[in-house]
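Chemist: Starting from the given sequences, assemble the full structure and let the hints guide the process.
Residue numbers (this note's numbering), protein chains in the order written: chain A, 1 to 221; chain B, 1 to 221.
Check the hints yourself; a few may be wrong.
A pair holds if it fits inside one copy or across any two, identical chains being indistinguishable in the list.
[What the hints assert, rightly or not] Calculated cross-link-like contacts (lysine to any residue; reagent style SDA-like; alpha-carbon spacing at most 25 Å):
{"hint": "1", "residue 1": "K60", "residue 2": "S81"}
{"hint": "2", "residue 1": "K60", "residue 2": "T198"}
{"hint": "3", "residue 1": "K60", "residue 2": "L158"}
{"hint": "4", "residue 1": "K60", "residue 2": "E137"}
{"hint": "5", "residue 1": "K60", "residue 2": "V34"}
{"hint": "6", "residue 1": "K60", "residue 2": "A23"}
{"hint": "7", "residue 1": "K60", "residue 2": "V93"}
{"hint": "8", "residue 1": "K60", "residue 2": "L85"}
What the hints contain is simulated information worked out from the structure, not anything from laboratory work.
Protein chains: 2
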Amino acid sequence: MYVVKVATDTAPRAPLSPAAIVAAGITLADEQGVDALSMRNLARSLGYEVMSLYNHVRNKDDLLTLMVDAVAAEIDLPDPSAPPLVAVRAMAVSTNAALARHPWAAPLWLRQAPGPARMRQMDDLLRLMYASGLSRELAHHGFHAVNNHVLGYTLQRLGMGLEGTDLEDKARDFMAGLDADTYPFMVAHIHEHLDGHTGSSFELVLDLILDGLVRLDREAR
Amino acid sequence: MYVVKVATDTAPRAPLSPAAIVAAGITLADEQGVDALSMRNLARSLGYEVMSLYNHVRNKDDLLTLMVDAVAAEIDLPDPSAPPLVAVRAMAVSTNAALARHPWAAPLWLRQAPGPARMRQMDDLLRLMYASGLSRELAHHGFHAVNNHVLGYTLQRLGMGLEGTDLEDKARDFMAGLDADTYPFMVAHIHEHLDGHTGSSFELVLDLILDGLVRLDREAR
DNA sequence: TCGTAGAACGTACAGTGTACGTACCGCCCA
DNA sequence: TGGGCGGTACGTACACTGTACGTTCTACGA
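Modeler: Next up, the structure:
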């Protein structure tokens, strides 16, 4: 029996590999949102069938873990010549930037098990904290405070759904359904956002925390 | 034609209503996790069929919004006789407690649209901030900082999967797969957690933020 | 007694993750 | 020059999800 092969798709497809799948997953999530990241969609975007992905990736959870770790790998390594707390600040800013580039990553940051890149990042942050001259206990708390601040702010920013769309439109729409008599302070607060004469909370509060830590340490001695 | 009715289930079931559905959803999510909260499971737990729920609730997203708002309603109202920032602190602690009681709520806190209870809570928090004597701008940032701190800490705590299970076991398991040479500071940090001679970061950092705000305000004048 | 509104129900559909069995292709060893 | 043999791709199938739609039942007011 003769089997005739028909070239149904002339587009040459890149060979499958964990790295290729993770990369495709990241771009798909970046462009269409994490909800569009189904194994079927991902396979289609790569030009393969669904189950072929499972030859390179254990399951979807594994894929998500790898994707999150790839984002973590984008975080700048600390400058070894900088004073520890300055380096901490830089890491926080860089982490915030990486999470802003990949909005889907922040909610997964906590759920997924930390991969090597995130381990590296956490270990570096801890090392800097412990080397900063703060007391052991304050360094411990400072680690959590900084981590929490960075992740919290990105989540807050994204949770509002302020990624792609115009922030102003969103805010105006929200405020339209708001009774200024029952929620006067919310209305006022949103106005402050719209008028834009309040800078970013992110760096201000970050410095608040870091400065507060050293002050607390000084007072304790 | 005669139709014989058979009492297949003698258990009398409570009449369906939005409140009853929300309450059942909350207990189901509390006990079995939010992943177990499917419309089918929820209907079964109430003794009804799936589609009957849709007579009282628009869709699952609507249900989740109502559930989150029910948790928000558990937050203590601010004591009107307390100084503003003391009341802010109390609200933060109470919010943290409510979120700890319902671990599933924290991730939904941001995704779901705010209902009346959360609106009330946000407006109260803003009112206290603006009444605290801080500059308008610092009050604005302080609102975000406190909100962020509370939510971030609960998410951090839950993300680790430290709800139901024993924290120590989890930590020891995690550390077992950790190379002390490549991640020395992580190992040390987890040890500090296990030894337990570091208090809760939550209130310490909360005070750090609140004290930092008033100090910043004093310096600016 | 009848009409009607609202609640409950059953079926059906598209979409999800993935277990399982099969087919193919290239490489190493006889 | 075979001949397996391991890895990759594929197709089918299953259980489960949210929910649209049409039908049945039940209670109450006229």
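Chemist: Taking the hints in turn, state whether each one holds.
Modeler: Going through the hints against the structure:
no.: 1; hint: K60 x S81; verdict: neither (40 Å within a copy, 53 Å between copies)
no.: 2; hint: K60 x T198; verdict: neither (41 Å within a copy, 37 Å between copies)
no.: 3; hint: K60 x L158; verdict: both (23 Å within a copy, 21 Å between copies)
no.: 4; hint: K60 x E137; verdict: neither (38 Å within a copy, 44 Å between copies)
no.: 5; hint: K60 x V34; verdict: both (12 Å within a copy, 19 Å between copies)
no.: 6; hint: K60 x A23; verdict: within (14 Å within a copy, 32 Å between copies)
no.: 7; hint: K60 x V93; verdict: neither (30 Å within a copy, 37 Å between copies)
no.: 8; hint: K60 x L85; verdict: neither (37 Å within a copy, 45 Å between copies)
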